[in-house]
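Chain by chain, the residues:
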Amino acid sequence: MSLEPRDAPGTGGLTADVGQERSGSDVARDVAFERDALPWLDDVYRFALSLTREESDADDVVQETFLRAYRSWHTFIPGTDCRRWLFTICRNVFLRSRERQRPTVDLEDGEQDAVAAGSVYAAAREKGYDDLFATLDLAPALRDALDELAEPFRSAVILVDVEDLSYESAAEVMGVPIGTVRSRLFRGRRLLQEKLVTVAEDLGFQTSVQGMP
Amino acid sequence: MSAPARSQLQDLGLSATCAEVLHHLWDYLDEQITPSGAERLRAHIASCPTCRGYESYQECFLQAVSKLRQELGAPESLRERLAERLKGQGCSCWDKVKR
Numbered sequence: 001m002s003l004e005p006r007d008a009p010g011t012g013g014l015t016a017d018v019g020q021e022r023s024g025s026d027v028a029r030d031v032a033f034e035r036d037a038l039p040w041l042d043d044v045y046r047f048a049l050s051l052t053r054e055e056s057d058a059d060d061v062v063q064e065t066f067l068r069a070y071r072s073w074h075t076f077i078p079g080t081d082c083r084r085w086l087f088t089i090c091r092n093v094f095l096r097s098r099e100r101q102r103p104t105v106d107l108e109d110g111e112q113d114a115v116a117a118g119s120v121y122a123a124a125r126e127k128g129y130d131d132l133f134a135t136l137d138l139a140p141a142l143r144d145a146l147d148e149l150a151e152p153f154r155s156a157v158i159l160v161d162v163e164d165l166s167y168e169s170a171a172e173v174m175g176v177p178i179g180t181v182r183s184r185l186f187r188g189r190r191l192l193q194e195k196l197v198t199v200a201e202d203l204g205f206q207t208s209v210q211g212m213p
Numbered sequence: 214m215s216a217p218a219r220s221q222l223q224d225l226g227l228s229a230t231c232a233e234v235l236h237h238l239w240d241y242l243d244e245q246i247t248p249s250g251a252e253r254l255r256a257h258i259a260s261c262p263t264c265r266g267y268e269s270y271q272e273c274f275l276q277a278v279s280k281l282r283q284e285l286g287a288p289e290s291l292r293e294r295l296a297e298r299l300k301g302q303g304c305s306c307w308d309k310v311k312r
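First to last, the protein sequences are chains P and S. The first sequence begins at 1 in this note's numbering and counts up by one. The second sequence begins at 214 in this note's numbering and counts up by one.
No wet-lab data here; the hints were simulated from the structure. Be careful, since some hints might not be right.
[To be verified] Each pair of labels, with its calculated beta carbon distance range:
(1) P:Pro78 / S:Ser279: 26 to 34 Å
(2) S:Thr247 / P:Gly128: 16 to 24 Å
(3) P:Asp164 / S:Asp308: 24 to 32 Å
(4) S:Ala256 / P:Glu126: 25 to 33 Å
(5) S:Gly266 / P:Ala28: 53 to 61 Å
(6) S:Gln276 / P:Ala28: 38 to 46 Å
(7) P:Asp81 / S:Ala251: 20 to 28 Å
(8) S:Gly250 / P:Pro140: 35 to 43 Å
(9) P:Glu55 / S:Gly250: 25 to 33 Å
[As the list claims (entries may be wrong)] Negatives, chain P to chain S, calculated, CB over 10 Å:
(10) Val44
(11) Ser97
(12) Gly128
(13) Ala150
(14) Pro177
(15) Glu201
Everything numeric in this text was worked out from a predicted model, so none of it was measured. Idealized CB from N, CA, C, for every residue including glycine.
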């Protein structure tokens, strides 16, 4: 299975149509681009930010992603998942900007992380934190914890848990097997939960829920 | 199941079926396991307060992560720059990038 969209978007460079009379196909392309691609700008930005960590870098990656998507629109297959296609271009743009220094990790055992997450829960329960996630507004602490989460675990969490992609779609975007997405996702979730429990402890969750930001 | 994992389960005082939940709850919540496996976990969770508590804890965590989607979007400055660049490419819908 190809891990990249047909014709590897982001690699081509079609001539812009500036100054030329617009044909019917140009108009149809623009209509389709507006309808299928532009609604995903926020989603692509979040994914780009998860990759770059820097807002200014994310801006550059997003602009390049949409420009390449527009130029390569003829390679998008109508009816397929445009968001996934854009995520794939985004990742390609990011990797090229990093000279393809693709982060690598060993294939981890996802179940070890699942079991470890259970241990985190057991410890939290002993301390009275077991309703931590239900009680508190976790958004500020979660954002911080996600920022600190290492690649490629962060991408897996962003794509599956924030952007709600299937394992299969995330695997295509990340260019890895589904099992690798699972192991990275589980590691990311476990690390996030450990961090959140630590934050709760630091802020004295047990005795003062209101003390949490 | 690996020996370290089995040891962790024993430390947690969990039964074999609780162990299945511990190993596969994320697969279950992500709808990545077989229907029969899901049914077995569902039945056990319904009858086990410990696993019910753990399921609730993990569901709340995943919901909290999912909510981040509503909180972060492309800044207006990015939208304006992208609109200008698309305009330069001859894209007629460039102004739709802005809110």
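Quiz item: Which numbered hints turn out to be false for this structure?
Solution: Of the numbered hints, 2, 9 and 10 do not hold.
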